[in-house]
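Those sequence lines, one after another, are chains G and V.
Sequential numbering from 1269 applies to the first sequence in this note's numbering.
Sequential numbering from 20 applies to the second sequence in this note's numbering.
Read the hints as simulated data drawn from the structure, not as lab findings.
Predicted model only: the values in this text are computed from it and were never measured.
Warning: the hint list may mix true and false statements.
Claimed, not checked - Short, incomplete list of chain G residues facing chain V, as computed with Cβ under 10 Å:
{"#": "1", "residue": "ARG1310"}
{"#": "2", "residue": "ARG1319"}
{"#": "3", "residue": "ALA1327"}
Said to hold, decoys possible - Covered, in the sense of this in silico footprint (three residues per stretch, anywhere, with C-beta under 8 Å from a C-beta of chain V), are these stretches of chain G:
{"#": "4", "stretch": "1270 to 1276"}
{"#": "5", "stretch": "1280 to 1287"}
Even glycine gets a Cβ: it sits at the ideal position worked out from N, Cα and C.
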Amino acid sequence: MIAAALPGASVEVVDETGGGDHLRAIVEAPQFDGVKTIDQHRMIRAAVKPRMDDGAIHALSITTRVAAR
Amino acid sequence: MAANPELREQLEQAIAANKVLLLMKGTPEMPRCGFSMRSVGVLEQLGVEYGAIDVLPAMGPLREVTGEISDWQTFPQLYVDGELLGGCDIIEEMHASGELAETLGVSQPEGEPQTQADSSDSRAPTQSPPLQIET
């Protein structure tokens, strides 16, 4: 879902507890260039919002990096 | 459903009145969530003056308010100069890079940034009294 929202991004998702619902997303995307950290996180949250809303993801930690274009 | 307009106004006033404002679960003295505790730890390491609001008494309504004003619904939330800077992840990331100290106009503490507050460090944080929002 994240990769679909941010074409060209490299996305790694880590299951932090083994339960499948506490996840960490590490996202490196060219779209982040010049974007404030909080807005980078908003972009990712917006991409996974349906899974947050339906409860499939309980907690999502986010780490972002700017990828070279 | 639209957020409670009175609560929204109260929160907007609190954000305007505090240069640095942390919306957290629990209080700085007694955080009720690990992420809130870590955020308090960062602010205390930086020795910055901040206001704190315990969101637990009205978490649902406050979530709706922050969704409207900041497009952000999880706590903690750190507001600086009227704008949401981020939650715990962003606070710690910006602390590690020194960007947070720069944003807050304080000097980065010596040594490696730590993610946990060291309570044996006796320098008392300057801190405005916790604010309460009644609903």
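Taking the hints in turn, this is what the structure says about them:
1. ARG1310: Holds. Min distance 6 Å.
2. ARG1319: 15 Å, violated
3. ALA1327: Constraint on ALA1327/G satisfied, holds at 8 Å.
4. 1270 to 1276: violated (count 0)
5. 1280 to 1287: violated (count 0)
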